[in-house]
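Those sequence lines, one after another, are chains A and B. Take the position in the first sequence, starting the count at 1, then add 1; the result is the number in our numbering. Take the position in the second sequence, starting the count at 1, then add 1; the result is the number in our numbering.
Since the hints were made in silico from the structure, they are not lab data.
Examples of chain B residues toward chain A, derived with CB under 7 Å:
1) 46
2) 269
3) 273
4) 274
5) 275
6) 307
7) 315
These numbers were taken from a predicted model, which means no experiment stands behind them. Heads up, the beta-carbon is just placed ideally off N, CA and C, and yes, glycines get one too.
Number of protein chains: 2
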Amino acid sequence: MVIPSLSDIQTAHSRIRSFIHRTPVLTSTSLNRILGAEFFFKCENFQKVGAFKYRGATNAILSLTPAELEKGVGTHSSGNHAAALALAAAMAGVPAYIVMPHTAPAIKKAAVAGYGAHIVFCEPTQEEREKTMMKVQEETGCTFIHPYDRFEIIAGQGTAALELLEEIPTVDIIMAPVGGGGLLSGTAIAAKGLKPDIQVWAGEPQNADDAFKSFYSGELHPSINPKTIADGLLTSLSELTFKAIRENADAILLAPEQLIMDALNLILQRMKIVIEPSSAVPLAALMAGPEKHWKGKKIGIILSGGNLDMAMFASQIKPD
Amino acid sequence: MVIPSLSDIQTAHSRIRSFIHRTPVLTSTSLNRILGAEFFFKCENFQKVGAFKYRGATNAILSLTPAELEKGVGTHSSGNHAAALALAAAMAGVPAYIVMPHTAPAIKKAAVAGYGAHIVFCEPTQEEREKTMMKVQEETGCTFIHPYDRFEIIAGQGTAALELLEEIPTVDIIMAPVGGGGLLSGTAIAAKGLKPDIQVWAGEPQNADDAFKSFYSGELHPSINPKTIADGLLTSLSELTFKAIRENADAILLAPEQLIMDALNLILQRMKIVIEPSSAVPLAALMAGPEKHWKGKKIGIILSGGNLDMAMFASQIKPD
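With these hints in hand, go ahead and build the complete structure from the sequences.
This is the structure:
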């Protein structure tokens, strides 16, 4: 089991850089004042399809052989990875097959269909998704692209940290949210490779704390019935991302639901940018900790995406 | 009655440029594709206090004499102008007196108080506001800074268009929302001064269509019982802004409430930036018109502010 190195991430960056947005690193004086540290936000909410996932999907597709490319790519997902793979495949001119539960929200079906992907509906269970995906692979010969359990995906996701540290090399702590661990793996490898004394921390919802348990116990824990507003972080680590994270990350901090909403509101209202709840988890995890060792530090945070479900958000916020 | 010229706006810009944010001009491929034109958004939602009002307030304060400065500035408002004047006064080290109805939302009181202004509460009627303001002026000797009926305010607001056209000189049409007319006046004077063949259009809520009536009838109409979600656009033109707009703007387009919400959602979801409803009015007005003469054109739009009331917004949006 081989995890990518810094140089694999640098190679991925050369490969994808002309296809992705170089997203801005934003700062906010008022947020710094409120929280007592100096924050640098890498805005992957402005990435194509509104999420960092476009980096990994593009790198995975551009790493295929011509014979593989011809038969296309597939995945089972209804989230940002599906949209990212669909658009990256369209850009490369190859077919994409997306297996999706028929219960997926209409807006997500429309997004993927809008990028020209073939949608294959299935019953909404993990077993049915995998069975349907296998059938599609048999019929089309397409390459299955897992959302995080893949070398090229991890290498691609690491390019966001690469750009952040190229722009702000003085960062003391770099943070990413953790779900399946693709972004955190790439971020940790890139950051430790470029700057061995940097601290790499992750934020995870307290209600989906499988990565936390895995990291501190040394044994891979599954994600059981996670219930969090950070719906991009419901998945569990794979053996591959677990290894990358154990070898390169320094800490996983937990964020309670209320602080995830508070951090989300803080970023919307102070920075005037739209992020999805998963992106607010690192900041929420900092706010949650009893010991604020991070006060006064320079902290880079990867804002993972901007696909906020407005109706869901509306149902959560409190009037003033 | 003298309105500012292009050179007054250029002078204002030299005066304030080191105190304001040079806000970015953002574009969105997907929004251009959906609407069929090329849009350039001047992001005053990222301006200090989250609104273009900081430009005019800063210019007004920096234009006072030392004797006037010493006695401070005042205004009656509970909106962006109050916050802008409070912060600009704090930056200049002079006192600010803000007359506010005691019924103003707690969050607005807190914002103004947070900038160190003296808040003077009054009953929530226009008459009481003006009476209280006069009393404060008598007691303190402060200079009353009207939110738009003032030469230096108009000149200051025009600097946003100056920056936009400096960056994108090929714009065919430039648009701003219109309420009291300070932003539209400055925008129109700057744009026509720099580029006489440019079209200057305004967007106004259909439910607050006093500027529309004034512009096309040639007589100043008051704003009577306006009811719109675009709460920054409830005021009427003054003689000064009416003159500036009649001499320099080409058209005022009306936007129905539903399209204001649709345009707001489009910008939040496609551009991942937070704007207030007033900022969505120009785009909504374009979407409303039966004839789309603007299709295929390069259109500059000033996004006036980002102080979106999340609870209000939540109560308006429809689930998918």
